[in-house]
Amino acid sequence: MDSFLAPSKRKSEPDHQDDEPTEIKLALLASLYPDVEQEMLLDVLAAHQGSVDQAAASLSTKKKKKTTTTTGIGQQSSLRKYAATKTTKRLKANKGTTLHLYDPEDVAEYTPCTIIHDFLPQEDADSLLRELLAEAESFERSTFKLFDNVVSSPHTTAFFVESLDEVRSQRDDYYYNGAKLTDVRRITPQLAKVKKTVEEAVNGQVQHRIVTRYPGGRKLRHQPAEPWRANSAFVNCYKGGQESVGWHSDQLTYLGPRAVIGSISLGVAREFRVRRVVVTEEEEEGEDGSSHETGAISIHLPHNSLLVMHAEMQESWKHCIAPALVIDPHPVAGNRRINITYRDYREAMHPKKTPRGGGKTWDGISGCAMPGTYREGRHVPCLNGPSLMMMGIRRTEEEEEEEDDDDDDDDDDDAIRFSAARLIFPAESAALLQRRLPPKTWTSDDRPFVTLTWAASLDGKLSVAPGVRTRLSGPESKAMTHYLRRQHDAILIGVSTMLADDPALNCRLAGADTAASQPRPVVIDPHLRWTPRPTDKVLVTSRSGAGLAPYVVTGVSASDVPPDSVDVLQRHGGRFLHLPSSPSSPSSSSFAPQGARMRLDWRLVLASLRAQGLKSVMIEGGGFVIESLLESRGLVDSVIVTIAPTWLGRGGGVGVCPAREEEVDDGGCGLRLCEVSWHPFGDDIVLCGRLEETTTMRSHLLLSSPLLLTCLPTYNPSSVMARRKRITVLGSLNADVVPYVAHHPLDGETVTATSLSKGPGGKGANQAVACARLSRLSTDGSSKDQDGKGETVEIAMVGAVGDDPDADMLRSSLSSAGVDVSGVQTRAEHNTGVAIVVVDSSAENRIIVSPEANHALGPSDDVVRSTGQDCDLLVLQLEMRLDTVVAAIMCSKAPVLLNAAPATKLLPRETYARIAHLIVNQSEAALLLSDDVSAVELETESGLGIVADRFLEWGVLHVVVTLGSRGVFYADSNNRRALVPASKVTVVDTTAAGDTFVGAYALAVVRAGPDGFDIDAAVREANRAAAVTVSRKGAQTSIPWGSELA
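Residue 1 is where the sequence shown starts when you use full-length UniProt numbering, and the numbers rise one by one after that.
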């Protein structure tokens, strides 16, 4: 076991042959061994006294061994093979070998930790967990300085102290990795309750370790004499198995040397890995001549366990929470783990007493692993910058590679691994690109604003060979690429890039944490070479809520697309866009992979994207896509090229070489940029400009597009060019369980259902389906409206579901109706909402709703605040949290239609002025007005007018009160009002009647526009639609298509 933990031996005499800075040495080693993580390179460099030659020789002689990846927490490994023997040759364990420990005695024997299982009484543990889960809803990702970049942590956190004075002090006086904490809170009641228990347990474990394991039964050198106090705590929240933290040691600046930490784990069980990084004096004075990498030990941290990290931990070991591909959900926490790290902030280490040097405060104190002079237990100050590495605050493997990239920056490393820190692009850098970005208002209905961007080497190559990923961009220009993605509605790549790189195609910029803040991926795939699978990174990213599913533009007809591919894309919120292809000779505006039979015209491709509501698109490659678009003339608005300071060399490669202008002779130039600017971002240079307009280009714009379109007589370009309006529905998604009974049960009565059905429902989902179905001509999902014109309204659903079969059912139902489900988030810690709808023989219903995931969306979520930013009408109901609905109303730039159902609370008065259309039934109107209205008033038309006037006085523009069999009353700010009688039909089930009414009314609002809206016509059309719905059983399945109202 000792040999498993022992690190490399240091040689007695340092080699001073190389006086270059450590960063340069690491860069040299990284260029020679790109597959070795930077921390490993640093360890090997330190082991060889900073000699690059010796470190390289050591790395070259190491045998490469295949490692395996576990999908969960493994079984107990045998300790026997790691046990130290009496022989002179020690057992070896290469890095990558992980020993899993579950037994507390093994943990104490082989690590600087002890663990106590079932630490708190079960009731106290559950109370503490619930309290902190509620707190964690508002936790944020902490930011810190890392290699001259500002990055954010891969999990959320908050810091808790005992008093308000300490809260102020932490915010004002303390620095952590070059930044101040912003989220400092006063200790919660349950944290305070368990504090004494933690202190007693930790001090008991510390004393036991001193007596049983430390030399002479005495404390280690520099170990504090005073008992340990739990006077502060970092509380971390890890959502899902992929939120993690890389190898590090905790900062000792305010804890001092030999710090002890008590860590409580609640919720999901995870692996806590440790490994030895500093030699002891005993090891250094022992045998020499051999070197090996450090093995890791994994400690299983179950719910309600206390892990004590002892005095030798932070200075001699590193630890991490490793990503897990599989986790076991916890009955209370779902997929979340709460970790409380109690700490003892010593008064002697207060910032006011911290030494200063060179005009800078010391950023850390650590037991640093230095060659020759410093060993375990010897402490040196670590100034800002280098101290980050020495204290273990370093990039994870994902961060260092920034994971991704191929040559054209469509990168997107493994979407499953969300432990990578978010990128930061400074505001001053963003300002340099401002005039190159899409304008806030884009008026063209023909195509979106197009930005063409790629990265190239000094010899003009995107990659060393077709299909080979080649990293060119540095971290600064990489952050720029993700900033650009955030500024566009879509990012587009060719199918070859999709197949070669399996990219996630999302934005990893800090703040782009929700699907609503992500660009839409677009894949150009004329022959349908890509087969969508749930394991593709772009779809994994979509399911996680960190990106959107792609639109696939193809020349293959809808009837020839495999149904499985259609189903996979639609379930994730993507779709196929079918365009005509041309078998004729290539034109300059055509796109097809080399050697292909089909060609897609770029103008039609861009027009189809504009028809989807996309106002800007960033085109990232590959090389053939870029060339063909450059040759199309007049379609590119901005060009941004990153030039890396490297040559890829002779022997092929992929470049960008558009065809030369016909009018240019052999001695001239081809395409040229104008309005050029150059910007250094790190080691890279970024070239910005726009294509210079030439005589050939002007004539091409005048002539080629009409000529080309005449070659495609079977295609009606107006159907692509028409700009569609958009309705966004933010609301609930439920699985409806519907028992049909002869009568509703009385108190204490049990009744037998005559039948039972289960189907998709929820007021939000029902209304989205109603909008979508009623906007289409026929049940085959035809994208034509009732007038036979091109489809004018796009419907989008925003909400939350669990990770269960009910969620799949809802997405499938919405997609089949033509609803965009990319805004439907998966909240795996919750179940999908359920509604029990009891329908009696008179078709009246009583409903019980369990919100579940519907209440997971809160008012601070980006998807809520951005929902009404880019649509023509925002539709809301009250089956979600009231504060979420209010936030969406107040943040919306679009007109708001609120169906105040079910009305259980009063709305804040200020929200009414932001509501354009209010739809309520009698009981909801009475509840919203509270004591201002009587039931008698709602029984007469004059009384209904008084009720409507109250809402109008508060700022609502249009008020609609549904009255069941009596009909519908409406009134508006133009003093139009009437009571419209109900249609006469045989009533079977009223479950989705109100939602159908809302959907039809919303369509009328959007189709007419603000100047042409006729409330009387809208109410009558909505009445007709609802009359069809009540004549059928079910919720979404009972909603009619547009053709049924023709």
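Simulated from the structure, these hints should not be mistaken for laboratory data. Note that this is a predicted model, so its numbers are computed, not measured. Ideal Cβ positions, reconstructed from N, Cα and C, are used throughout, including at glycine. Where hints are given, some of them may not hold.
EDC-like mimics (lysine to aspartate or glutamate), calculated; alpha carbons at most 16 Å apart, straight line [unchecked claim]:
#, residue 1, residue 2
1, K239, D328
2, K440, D870
3, K239, E137
4, K725, E910
5, K196, E162
6, K193, D126
7, K193, E123
8, K758, D804
9, K1033, E910
10, K195, E162
11, K195, E105
12, K239, E199
Beta-carbon label-pair distances, calculated as ranges [as the list claims (entries may be wrong)]:
#, residue 1, residue 2, range
13, R533, V987, 40 to 50 Å
14, D1014, P658, 47 to 57 Å
15, L687, P902, 28 to 38 Å
16, E131, S444, 47 to 57 Å
17, S60, A134, 29 to 39 Å
18, A742, L325, 30 to 40 Å
19, C674, S444, 44 to 54 Å
20, A558, P805, 35 to 45 Å
21, R1024, S923, 32 to 42 Å
22, P745, D808, 45 to 55 Å
These are the hints, each one checked on the structure:
no.: 1; hint: K239 / D328; result: holds (12 Å)
no.: 2; hint: K440 / D870; result: holds (11 Å)
no.: 3; hint: K239 / E137; result: holds (11 Å)
no.: 4; hint: K725 / E910; result: violated (28 Å)
no.: 5; hint: K196 / E162; result: holds (13 Å)
no.: 6; hint: K193 / D126; result: holds (13 Å)
no.: 7; hint: K193 / E123; result: holds (12 Å)
no.: 8; hint: K758 / D804; result: holds (15 Å)
no.: 9; hint: K1033 / E910; result: violated (39 Å)
no.: 10; hint: K195 / E162; result: holds (11 Å)
no.: 11; hint: K195 / E105; result: violated (25 Å)
no.: 12; hint: K239 / E199; result: violated (28 Å)
no.: 13; hint: R533 / V987: 40 to 50 Å; result: holds (46 Å)
no.: 14; hint: D1014 / P658: 47 to 57 Å; result: holds (53 Å)
no.: 15; hint: L687 / P902: 28 to 38 Å; result: violated (57 Å)
no.: 16; hint: E131 / S444: 47 to 57 Å; result: holds (53 Å)
no.: 17; hint: S60 / A134: 29 to 39 Å; result: violated (54 Å)
no.: 18; hint: A742 / L325: 30 to 40 Å; result: violated (51 Å)
no.: 19; hint: C674 / S444: 44 to 54 Å; result: violated (21 Å)
no.: 20; hint: A558 / P805: 35 to 45 Å; result: violated (27 Å)
no.: 21; hint: R1024 / S923: 32 to 42 Å; result: violated (24 Å)
no.: 22; hint: P745 / D808: 45 to 55 Å; result: violated (32 Å)
Consistency note: the structure conflicts with the earlier hints numbered 4, 9, 11, 12, 15, 17, 18, 19, 20, 21, 22.
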